[in-house]
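There are 4 protein chains.
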Amino acid sequence: MTDRSAVQDALRAQRIETPSWGYGNSGTRFKVFAQPGVPRDPYEKLADAAQVHAATGAAPKVSLHIPWDAVEDYAALAAHARGLGLEIGAINANVFQDDDYKLGSVTNPDPRVRRKAVDHLLECVDIMDATGSTDLKLWFSDGTNYPGQDDTSARQDRLADALAEVYQRLGDDQRILLEYKLFEPAFYTMDVPDWGTAYAHCLRLGPKATVVVDTGHHAPGTNIEFIVAFLLREGKLGGFDFNSRFYADDDLMAGAADPFQLFRIMHEVVKNGGLAPETGVAFMLDQCHNIEAKIPAVIRSVMNVQEATAKALLVDTGALTAAQDAGDVLAANEVLMDAYNTDVRPLLAEVRAGAGLDPNPLAAYRATGWAEQTAAERVGGHQAGWGA
Amino acid sequence: MTDRSAVQDALRAQRIETPSWGYGNSGTRFKVFAQPGVPRDPYEKLADAAQVHAATGAAPKVSLHIPWDAVEDYAALAAHARGLGLEIGAINANVFQDDDYKLGSVTNPDPRVRRKAVDHLLECVDIMDATGSTDLKLWFSDGTNYPGQDDTSARQDRLADALAEVYQRLGDDQRILLEYKLFEPAFYTMDVPDWGTAYAHCLRLGPKATVVVDTGHHAPGTNIEFIVAFLLREGKLGGFDFNSRFYADDDLMAGAADPFQLFRIMHEVVKNGGLAPETGVAFMLDQCHNIEAKIPAVIRSVMNVQEATAKALLVDTGALTAAQDAGDVLAANEVLMDAYNTDVRPLLAEVRAGAGLDPNPLAAYRATGWAEQTAAERVGGHQAGWGA
Amino acid sequence: MTDRSAVQDALRAQRIETPSWGYGNSGTRFKVFAQPGVPRDPYEKLADAAQVHAATGAAPKVSLHIPWDAVEDYAALAAHARGLGLEIGAINANVFQDDDYKLGSVTNPDPRVRRKAVDHLLECVDIMDATGSTDLKLWFSDGTNYPGQDDTSARQDRLADALAEVYQRLGDDQRILLEYKLFEPAFYTMDVPDWGTAYAHCLRLGPKATVVVDTGHHAPGTNIEFIVAFLLREGKLGGFDFNSRFYADDDLMAGAADPFQLFRIMHEVVKNGGLAPETGVAFMLDQCHNIEAKIPAVIRSVMNVQEATAKALLVDTGALTAAQDAGDVLAANEVLMDAYNTDVRPLLAEVRAGAGLDPNPLAAYRATGWAEQTAAERVGGHQAGWGA
Amino acid sequence: MTDRSAVQDALRAQRIETPSWGYGNSGTRFKVFAQPGVPRDPYEKLADAAQVHAATGAAPKVSLHIPWDAVEDYAALAAHARGLGLEIGAINANVFQDDDYKLGSVTNPDPRVRRKAVDHLLECVDIMDATGSTDLKLWFSDGTNYPGQDDTSARQDRLADALAEVYQRLGDDQRILLEYKLFEPAFYTMDVPDWGTAYAHCLRLGPKATVVVDTGHHAPGTNIEFIVAFLLREGKLGGFDFNSRFYADDDLMAGAADPFQLFRIMHEVVKNGGLAPETGVAFMLDQCHNIEAKIPAVIRSVMNVQEATAKALLVDTGALTAAQDAGDVLAANEVLMDAYNTDVRPLLAEVRAGAGLDPNPLAAYRATGWAEQTAAERVGGHQAGWGA
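Chains as they are written, first to last, in the UniProt record's numbering: chain A, 1 to 388; chain B, 1 to 388; chain C, 1 to 388; chain D, 1 to 388.
Some but not every residue of chain B turned toward chain C, in silico, with C-beta under 8 Å:
#1 Gln-149
#2 Ser-153
#3 Asp-194
#4 Tyr-199
#5 Pro-220
#6 Asn-223
#7 Ala-229
#8 Arg-264
#9 Val-329
If you are wondering where the hints come from, they were derived from the structure by calculation, not from laboratory data.
Note that the Cβ used here is the ideal one computed from N, Cα and C, for glycine as well.
Looking at chain A on its own, in the form it has when it is part of the complex:
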């Protein structure tokens, strides 16, 4: 038996962080398709993010990507965000889009390049200081394409050194979120290919280093929810980069490719206490909207995460534990599936209405005319981002 009002409270409390780069043009190596009205600078990205928050009431935080979102005055940017009802979330360090990083950034064989990369990471901590961000999200594209290209162990040493230097620089309320990824853009080795590698480094660094799980960064067949449960048990889950995929790092809308997987992940989060703010689990989106309208795609993704969370909250944990302890495989599975098979959209509509929001966030957004307005206004300019 689950307590419906507790479920509603939990849903009301959940915060989903959206990425500034999700509002810009993105694509594959074959083509970046331009869309009308995409933001031309970080201020406009924040304005788009504010639309998502207005429609959902659940997305007050925005991740930045540096240097894509580089500005002169970060304190002013943060103040601008606050003015929109937003706050700055994770600072994502970008050490992959410079010709110097062809053979790696912090693990590059060339010490000059490594220095440059670490300096950028340190600069990102400065930006955290200026914006009030507490999370430094580190994803390294570093790796090799060919066997023999570089020394795998030496690269680990360089990585450890770089992380240690950055860790030292963190303020009291700041932390590292270390991301891992199986492959792409490197095709033979990645220097942080899996959660085990990220975990081992974080363990050595200390309590302010945690692992971030990007749901698109695993080998086929990997049981992501197991990793989530394991990291929560170890106190090392810093958060999620949500998106979805059928094949590789497809970066589709969260919950679109495998809603059952997203539910299973949220079930582990809920069961292991990960919804509680004090565990520090950040629920972030990290995705690309290559062919679909961007703001509605972000709204849909926020809704998908909410629906998966709602279903996870509806699991009858008493019945589940009883069936598990009795070794009744079918009954235990049925308890879980009961929650999954529930249509939670009415419940979420209720939560939204209770918060003074339109029960249908997509309709609310469409009614604003924002898409038409920005398409008309945002002409010219050049976006900083995603190969575009």
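Fit chains B, C and D to the known structure of chain A by using the hints.
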């Protein structure tokens, strides 16, 4: 027992086609790293290809990519190629790098876009007429990213219509090479995702339609050499797009990621007569040299294909068949591995020396000073290609 | 807008065939766990199947596996089935559990073994004649474990010969359902590894040869619903072997591992007319219940297929087509997801109640006391089947 | 430049441990094919292992599997082994072949079953004491098949408790080798699915707990040599279970499916000092010879590991490091490939001849007539093992 001089003859006769785009900058969605001296137009690409042919004696054909290699006068381009000792190979139709193709080219729901795409394909046949090319290579990026986005069956109908129109336009000595790919850039469905789909369409089209196998376009675990054997048995193998991969369509140098697989593929080719020119199997490279020097990478790839072919030619087919017929699993495997474990580099050095070439093509290329010369000369300009 | 009573009619008409071997013990190579009350002969398997049909009203057909279900008098077995309200479904030829088949059955290098295998297939047609079965389901474990072990093309020739001989033997209302599988038990090549191979053979055989899609037999990342749509378009989809998997051929309960995939498959079936009896698409289960109670697991699987079908029937096809034609990616996806997110359990409860059944098939089964009764009665004996 | 005599010394020193179960019948869930002359008890398995050691001079250690190799008097068994020139290697605890373990062994929800399983592990340490074995190899089939079936975190707690109890029981020179596996026989979660999980548990246990890498236990696309390098860097690589695979845990002969991968693994071992006895890296085989003759298959596997090691030893590390430091991707790759492309069979023949062995171990084995002799003598009896 294999006849060494017949092996040498076969190696001398093998032709490997190199791609014009392999000489230009390429990359991933994260970054295209620029290299010094890359060609600024199709003429310079041909000049680079001529270097590969000069060093290896095995690469007289060059595939073009339209519109990346669009010129005013294609007959002049072909004449220029001939002047360099080259000929124009497959014409690769590019219907993915235009904003119109966001939701597909020949399978786009919008008939206007489909018309535009088919017109481009027909234009490619015009270019074949002008250049003497006999092969129209068709790879479609068409597909969908989200369940429900479009009607899978309707897209097949549109694809069939487009192919039929192009097939009708082919001259007597011209053919279609239809490529398939599991995923990327589309992430939910691809309209030609596997060899079965390509095969079914080619069967319906007629004898001038054949399947091309890109070695990087399969699901994990797919046995590519089985497909090769099957298509050869059906008379439907048009050729290869060689490259190699560890994960997805990594487009690494052929033979670099899995030399044993390349050998097994060439074993099926050799065993089933696919080296004979009359079978029409085209041995093409289709790869990206994101971080390594491009011309030497193409040379190395040509050498890798040659080494795999040499090993395949060394298989003692009499002993193999005897062991297979006797059901002696270990003996049959050993016959194959004997050939694979042979160091064929001396044999290929001999073949090259016999043809008046440097036994070491990479050294020969380095000695030309071409890299330094083009780095100095080819300054400015803007490459047409690969998202760069 | 969907017509609710038409949806109910379609659900009432759907027939799901259950496998005799699903009622017996099964396992992995590591261990077959015995369960109390499992059937000791084909008659007891039919009795169990009758329980599933009694509870669901949707499972009147039972597939047999020969020789696991070998009896003296097949006409008597069929009559017994009819007495239980059942009929004999597909006859599954088993040419993998004899020492002679170590290197293959119909593709074995030894002609004596091939003859034996083909004779078994012909005997299965005799059994079809005797039982009134119309479907010969052919899955071949044939393949090789090591490169070089046998000649891939020669094995295709042998396969084609065997299939042709069996095809000739078919009666007017009989057909072949040819199954494919990526790997296991062979680990290097399978002789029918993918749908393309099965399709090509069926095409050559003629209209009475069709492809069967086992949902657990694909490479990671394969889009199964694409294959379904393609085969339906070609008129070559004979049916399904439903089960589910996270990794390989896990043979879990249908719909348990990926309910969204099952829905997408059923969406293609519904959209392309595959529910209509005249298309001949057989909805069969083929799964193993290694650790869970078997009869309830089959009931749950039937329910899962029904729920996926119900959701597929609820798709608002008018709205879907409109959004697709407009190129509105998000709207089209939303139409599909609306159906998927609907809780269809009340709808199915209504359908069952309307047919005089308990709305909850699992509760109905539990109420019979069959599990306790058979556990007490079925003691001793030795099951013919699955390595047990 | 590599020192040829140092290479020979290293090859002479390498020891490869063979598994007792590799000499017995094995198979898939579909069929275990019986072979003539397979051992009927542990003593006969040792006799077969002695043949492998006689032919190769490199396989003096034999892993046991308990209870498959259970005997009354383990000291006597060890003495018997010594009489054959062998010693007892790792003790493999088998907690998967008992009906009690249907829902797990050390992670079973039922405390009685957990107790039974831990007791078996402790008994295995007793056997280590009696036989002089230093290695307790732990592979747990534990996991779940269905979402919700059991509590993932609770199972980790149970696992940690069991490991801690066994760790306490270890003698001074004894250690745990903890194995991980992606899937099979459990199909939803495995309790130790990846190296990260095994590593985290070993870290907590202490210095006598290390990770063992089974080369067939990873998700598709996993870079195994990265894991090897990482674990060596952390001092946590206990050893290998060598075998090879194309798809899942195929358990083919080591080096048969992907000889280049085996070379890359051995390159990391050699480069990072893992050949030195003091690092304690055990080179074990763990494979099944389902269709090929078993003793020659083990000999071939030993040879394959030796050949991969020889190639790894031939890598010109000076040239490699220079090219790596210079960022010369192609040159660095070429150094590695030079070693791989070398035919090392003459070198190994020399090493064998120098040790008074036949340069061709397979011919040496065939000459003994052992296969014919055991086929005649070993009649009747029932093997304990692998589902047979």
